[in-house]
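Q: One-letter residues, chain by chain:
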Amino acid sequence: MIDCDVRAATPPVSALHEYLDGYWHDTVVERGVRSIEPSYELPGTGARVPGLPPDASLAVVNPISAIEALHSEDLAAALARGLNEWLRARWLDADPRLRGSITVAPQSTELAVAEIDRLAGEGRFVQVLMPLRGQHPLGRRLYWPIYEACVRHGLALAVRAGGNIGSAITPVGWPSHLVEDHATQSQAFQSQVMSLLLEGVFHRLPRLKVVLIGSGVTWLPSLCWRLDKNWKGIRREVPWVERPPSEVVRSCVRLTVRPFDAPQDAFAEVLAQLGSESMLLYSGGDEPVPEVDYDENARQTYSRLRD
Amino acid sequence: MATLVKTGLVDCDIHNYPASNARLRPYLAERWRRHMERFGARSRHGLAEGYPYPKSAPQAARVDAWPPDGGPPGSSLAFMRQQLLDPLGTSFGVLNCLHAGASQVDAELGAALCSAVNDWQVAEWLEPEPRLRASIVIPFDSGDLSAAEIDRVAEHPGFVQALMLVRTLEPIGRRRYWPVYEACERNGLPVGIHFGGYSGHPVSSSGWPSYYLEDHTSMAMAFQAQLVSLVFEGVFERFPDLQVVCIEGGVAWLPPLVWRMDRLFHEMHDEVPELHRLPSEYVREHVWLTTQPVEEPDRPEQLIQVFERIGQDRLLFATDYPHWDYDDPARAFPAPLPDGLREQVYRANAMALYGLPKL
Amino acid sequence: MAAAAEIPPGGRRIVTLEGRSIGVFNIGGEFFALRNVCPHQGGPLCQGVLSGFVVPGTPGEYRYLRRGEILRCPWHGWEFDIRTGQSYLDPARTRVHTYPVELVAGPYVAETYPVMVEGDVVVVQV
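Protein chains in written order, with our numbering: chain A, 1 to 307; chain B, 1001 to 1359; chain C, 2001 to 2126.
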């Protein structure tokens, strides 16, 4: 099975030192920048030992980091670069069946594009990671050069769970508990899908595939129903959306299957509501998930896996 | 238009509105009349009038809902009778007045305006029209001022719930809002959470979207975040008699959210040791939803599946008159509802929740 | 059913003919009649806003044609071509750079009636 979500635990910044140039190396040492570990994950989350999961024939490695949380564009971009080099050296070089995700610092679109262009020749990177919760909805035009770079290089765009740029992580403020942070992330995924769709990213870049990592999946049908209905009455605000939103979503959006927020007796119902089996990508775990042709879906999603 | 149930519809979301702020003057102290003239009303956004996401129609209303006497939609009881209550065979309608008083940055002004609105509602809506009930309008981000207002007016039999908006300054499970729930429990009233509001936070978890279409749709996400908060902050443990009504949020997002909350509860229940039951159990016992704006799946039977997952006894029909996304009771549901479900949704559930008298 | 002069260009009149509520519209001297019932949820379609047609294009581009010829239902805002009664629910499946002069038929159609002008009187055939 092609596992599309192996989460690599955040390395300490010290592990990135060898990949930072003189100024940034000394900066992080002298100013005590020791960590880019997120506050929105349970401590110790992610795999520490590079390797392929036992049930996988190929795996996409997604490093965990809170790169979006730093406010200096340049510092964040330097650390993102270090993280990408670390991933390549420690994970991708450890096993030829491993593929990776490029971490970009979304604080600067220009620097993010430069990093994508820099790494595009590395065929083992298959997608670009953006955080679920950032400064702006992902569909906003300021981010489009990043998506254009993805399409230019045959990379998917991945939206990974989490994210925190210092503003309230829900539209109604700061929840008290980590469990609420996680529970509200499905709503954040809903907003991001809506933004990418209604801003016209899928119209402008019809070949772009957007992969939602660890989203929970089952929130998607109700969003599509509501969007289809509202679009019929308010289409004029976004006239470039020329097909029903649910159709566009089925073409362009993919989701890793775990966690799958439904009991087993609802699997058939949810699949019918999604309206497509092609959207699901495999990620490993113990809980049951629907049975679809995951490997074919992965090959269709990631052009670099087809080469 | 034929009536749908034997003894009349219960419409759980109708919007009345004063024709102008001048109409509230008789109910406002002189100090606040002067304040309004001098400083005006201020919500958490930059416009003195209008909306940062302009609606798709003026006042977000049906174009045909402007009363002939010249006031805004919802301002004329006579026109509401003529256009809504009479033709739909309504036996009870619940008024949810979305006055800006509830959302004022200046909490004292907000409290004064809310009191004025509630007094205006009693005098000009509840007293003259026996079919109508109303929510108590409160400055919901101020727990203590809200509790005081609820205590002040709850005795009037026309008030059937207290009203908050879904976009709040903090997630509504947090202790800022506990005085509201105490007052509701004390007075035997449910708390209604309604579409709308300016929380002061971007309307998505990741910044400000561009379009009204996103603003409108993202209300459903706000409802979801609020239920997460109510559950995981232990509000239903702390206030075991509290009933919560989600008004104008749609319904189909609820089953997947409940599945998600149950999963996460299994994974992280030690973070919230005051919870003794599953999120799904709390929701099942404390949460109600009005159906509007009802989602329209491609396959109508999928909506019935959703209703069954939610629980047929928790659904409340609402038109949302006079707003543009109005649900007509005869046509709103893509598939005709099975008989028992029809009676529950159009009437029986609301009768039970709001303690409405049988005719 | 009415004197043509009573419905000037850009105007409309809603009348009841043989028990049906019907809206008659004057677009540039031509008359069209639609049943005053929206096929979505039954709203009074002919009371809706007269607007134009926004053509699907590139993001940020708002190409606007046929002002005054598109009727938006007063309830949910669905768009109908007054000339044909066709809804614009299923916009053209053609590619972005070609846009239709006629609207592609959506699955919903408002009922239309033939309208004739006989002398200075508008006649609607029900």
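FYI, nobody ran anything at the bench for these hints, they're computed from the structure.
Watch out, some of these pointers could steer you wrong.
[To be verified] Away from chain C, derived, C-beta distances all over 10 angstroms, residues of chain B:
#1 E1049
#2 G1070
#3 W1208
#4 E1281
#5 A1335
[Said to hold, decoys possible] Here are the computed lysine to any residue pairs in the SDA-like style, where the Cα-Cα straight-line distance is at most 20 angstroms:
#6 B:K1055 to A:R304
#7 B:K1055 to B:E1185
#8 B:K1358 to B:A1348
#9 B:K1055 to C:R2013
#10 B:K1358 to B:L1341
#11 B:K1358 to B:R1131
#12 B:K1055 to C:G2052
#13 B:K1358 to B:G1340
#14 B:K1055 to A:D228
#15 B:K1055 to B:D1069
#16 B:K1055 to C:I2027
#17 B:K1055 to C:F2053
#18 B:K1055 to C:N2036
#19 B:K1055 to C:Y2062
#20 B:K1055 to B:R1034
#21 B:K1055 to B:E1301
#22 B:K1055 to C:T2084
#23 B:K1358 to B:D1086
#24 B:K1055 to C:T2016
[Claimed, not checked] Restraint-style ranges between C-beta atoms, simulated for each label pair:
#25 C:I2014 to B:R1044: 28 to 34 angstroms
#26 C:G2060 to A:E18: 40 to 46 angstroms
#27 A:S167 to C:G2060: 22 to 28 angstroms
#28 A:S167 to C:L2017: 46 to 52 angstroms
#29 C:Y2064 to B:R1044: 31 to 37 angstroms
#30 A:R304 to C:P2114: 56 to 62 angstroms
#31 C:G2029 to B:D1313: 55 to 61 angstroms
#32 B:A1100 to A:E18: 56 to 62 angstroms
All C-beta atoms in this analysis are idealised placements derived from N, C-alpha and C, irrespective of residue type, glycine included.
Q: Compare the structure with each hint and give your call.
A: Right, here's what the structure says about each hint:
{"no.": "1", "hint": "E1049", "in the structure": "holds (21 angstroms)"}
{"no.": "2", "hint": "G1070", "in the structure": "holds (17 angstroms)"}
{"no.": "3", "hint": "W1208", "in the structure": "holds (17 angstroms)"}
{"no.": "4", "hint": "E1281", "in the structure": "holds (36 angstroms)"}
{"no.": "5", "hint": "A1335", "in the structure": "holds (14 angstroms)"}
{"no.": "6", "hint": "B:K1055 to A:R304", "in the structure": "violated (43 angstroms)"}
{"no.": "7", "hint": "B:K1055 to B:E1185", "in the structure": "violated (35 angstroms)"}
{"no.": "8", "hint": "B:K1358 to B:A1348", "in the structure": "holds (10 angstroms)"}
{"no.": "9", "hint": "B:K1055 to C:R2013", "in the structure": "violated (27 angstroms)"}
{"no.": "10", "hint": "B:K1358 to B:L1341", "in the structure": "holds (19 angstroms)"}
{"no.": "11", "hint": "B:K1358 to B:R1131", "in the structure": "holds (12 angstroms)"}
{"no.": "12", "hint": "B:K1055 to C:G2052", "in the structure": "holds (18 angstroms)"}
{"no.": "13", "hint": "B:K1358 to B:G1340", "in the structure": "holds (18 angstroms)"}
{"no.": "14", "hint": "B:K1055 to A:D228", "in the structure": "holds (18 angstroms)"}
{"no.": "15", "hint": "B:K1055 to B:D1069", "in the structure": "violated (23 angstroms)"}
{"no.": "16", "hint": "B:K1055 to C:I2027", "in the structure": "violated (27 angstroms)"}
{"no.": "17", "hint": "B:K1055 to C:F2053", "in the structure": "holds (19 angstroms)"}
{"no.": "18", "hint": "B:K1055 to C:N2036", "in the structure": "violated (24 angstroms)"}
{"no.": "19", "hint": "B:K1055 to C:Y2062", "in the structure": "holds (18 angstroms)"}
{"no.": "20", "hint": "B:K1055 to B:R1034", "in the structure": "violated (30 angstroms)"}
{"no.": "21", "hint": "B:K1055 to B:E1301", "in the structure": "violated (31 angstroms)"}
{"no.": "22", "hint": "B:K1055 to C:T2084", "in the structure": "violated (28 angstroms)"}
{"no.": "23", "hint": "B:K1358 to B:D1086", "in the structure": "holds (19 angstroms)"}
{"no.": "24", "hint": "B:K1055 to C:T2016", "in the structure": "violated (32 angstroms)"}
{"no.": "25", "hint": "C:I2014 to B:R1044: 28 to 34 angstroms", "in the structure": "violated (42 angstroms)"}
{"no.": "26", "hint": "C:G2060 to A:E18: 40 to 46 angstroms", "in the structure": "holds (44 angstroms)"}
{"no.": "27", "hint": "A:S167 to C:G2060: 22 to 28 angstroms", "in the structure": "holds (26 angstroms)"}
{"no.": "28", "hint": "A:S167 to C:L2017: 46 to 52 angstroms", "in the structure": "violated (59 angstroms)"}
{"no.": "29", "hint": "C:Y2064 to B:R1044: 31 to 37 angstroms", "in the structure": "holds (34 angstroms)"}
{"no.": "30", "hint": "A:R304 to C:P2114: 56 to 62 angstroms", "in the structure": "holds (60 angstroms)"}
{"no.": "31", "hint": "C:G2029 to B:D1313: 55 to 61 angstroms", "in the structure": "holds (58 angstroms)"}
{"no.": "32", "hint": "B:A1100 to A:E18: 56 to 62 angstroms", "in the structure": "holds (58 angstroms)"}
Figure legend: structure checked against the earlier numbered hints; hints not met, in rising order: 6, 7, 9, 15, 16, 18, 20, 21, 22, 24, 25 and 28.
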